[in-house]
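Engineer: Sequence lines, in order, name chains A and B.
The numbering of the first sequence is this note's numbering, which starts it at 1084 and goes up by one.
The numbering of the second sequence is this note's numbering, which starts it at 897 and goes up by one.
Read the hints as simulated data drawn from the structure, not as lab findings.
A couple of the hints might just be wrong.
[What the hints assert, rightly or not] Covered stretches of chain B, going by a simulated chain A footprint (3 or more residues, C-beta under 8 angstroms):
id : region
1  : 963 to 972
2  : 978 to 987
3  : 1019 to 1025
4  : 1057 to 1066
5  : 1128 to 1140
Just so it is clear, CB atoms sit at the ideal spot from N, CA and C, and this is done for glycine as well.
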Amino acid sequence: MYSRRVLRDTIYHIFVIAFGILMVYPVLWMILSSFKMKSEILGNNAPFLPSKWVFENYPNGWQGSGSLTFATYFRNSIIVSVLGTLGTVISSAMVSYALARINFKGRKFWFTAMIMTMLLPGQVLMIPQYIIWNRLKLVGTFIPLVLPKFLGWPFFIYMMMQFIRGLPKELDEAAMIDGCNKYSIFALIVLPLLYPSIITTIVISFYWIWDDYMGPLLYLSKPALYTVSLAIKGFADAQGTNFGPMFAMSTLSLIPVFLLFLFFNRYLMDGVTAGAVKG
Amino acid sequence: MQAAKYRNGVRRKGSLMQNENVVGYIFAAPFIISFLCLTMIPMALSLYYSFCDYKIAATPVWVGFKNFANLMNDATFGNSLLVTIQYVIIGVPLKLIFALFVAMLLTKPTKLQGFYRAVYYIPSLIGGSVAVALVWKQLFGSRGPVVTMIKALGAKGFSFFGSTTWAFLPLVLCNAWQFGSSMLIFASGLKQIPKDYYEAAEIDGANAVQRFFSITLPILSPIILFNLIMQLISGFMTFTQAQIITDGGPNYATNYIALNIFKEGFAYQHMGYACAESWIMLLIMAAITGIIFKTSSHWTFYEN
């Protein structure tokens, strides 16, 4: 009996690991390719590991294709992602508190509006939103990418709402008796308890904004404002078949997202699912 | 203790600021502003423009139903609807089956469970990025490892991106590969199924397949519905991968609706026409989602 269980467990782990390697293979291939000579990246005889590890792709790629280096693009991405994430967390937490815990007139209506917005495909709004930002002479700035994030992101509002609903109402009532009002309940009770959901929001909204391509494509017309995702596409087009530097910059562009995931992975796995299921 | 500081504050402040309606609107204000300015006004404008000839910086010219009439005869638009629906019909079930399979695979409680889940989540973390799209383009390109392997198996001259039949497949795979969030949602659903259901079924002699179809699937059905709707919507909106990997080609085989609207509006400056296209897309999506919701009462199962 015992040895059969060991055997079954071993087969299980081998299968899960093998399948896992298959899943991360594209990522491994990208990283390994960034250390290869041009001749070893593609073609029939491309080895899995580089026969000779070369590091030039990184400095070569960093130079970019125009007069700007990737330092500019990374700076832009960091500005947009950090501000955007900050805005998402603050505004979504506020709105979720209102919708989950405050009995105001029209709450049902705004909740429905929020769900509808969440389900609405962005393409319907793409052109008119662009026209509005253009009228305001804000195309070619970070504002169309950052400002909307300070106005609540329905996906995260919904997620935080589910979390707040799971907090015992008695906490609010006890705080009321102790003299708290709705503002201090939010600041002193709900926000601190909400932190798993806040961390999930930070990680997911950061990588969604960092990876965003369509927004920068529409609104950032000058190369000096390009984010990494937009710059890397232009860089790949300019490099033609010289793939090494492109793989190197692709790898670099994913590092911030990886780091964030590495630090907060544990919270992320719990946070996403805390709300979704009860919904 | 900290809360005590506020004890006097309540009495001193005017009751207006403490009124539930006022507090509610203060906290909900960000969303209300965005709903009005970034959703409702743009939707109204979009509806108006869809009845106009409109180039950016020019004055919209009212043309009535001309855009919609032209859409009926626009082969490119018809094709892009068709390929989008094909992409969704193949891609979304594939992704959900994949997500459920991995979620079930990782329910086994081992010390490595957290690590495994993290590894299987990696594709979802980065899959939407431009970097991965660029990698994908080479991975499935004519000299990339996947095509090299297929050719080694005997399919000489095989190509994904040169073929109108196969170009969609790398895009579908790239989407299915990002199964992580659906997987996590399935996993937490699986965790909530009481163990004794399975034990009882086992005593009654149900095998693994029967247990899956008579216990797991019915209990997960509300979660399947949730995942299905979310993935349908994101499937219909697919843009980045199609724009970077195939740019709609070859011969419009992957010219998905979002890409088509983008080109029509920004590359050709037919903004009114593009708005009309997005409304048709919205109506089709609303119809499909509506049908799924309507029929869901027949196939979803709620315990209470």
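Engineer: All hints are to be evaluated individually against the structure, with a verdict given for each.
Structural biologist: Hints and how they fare:
| no. | hint | result |
| --- | --- | --- |
| 1 | 963 to 972 | violated (count 0) |
| 2 | 978 to 987 | violated (count 0) |
| 3 | 1019 to 1025 | holds (count 5) |
| 4 | 1057 to 1066 | violated (count 0) |
| 5 | 1128 to 1140 | holds (count 7) |
Hints 1, 2, 4, counting from the list given before, are not met by this structure.
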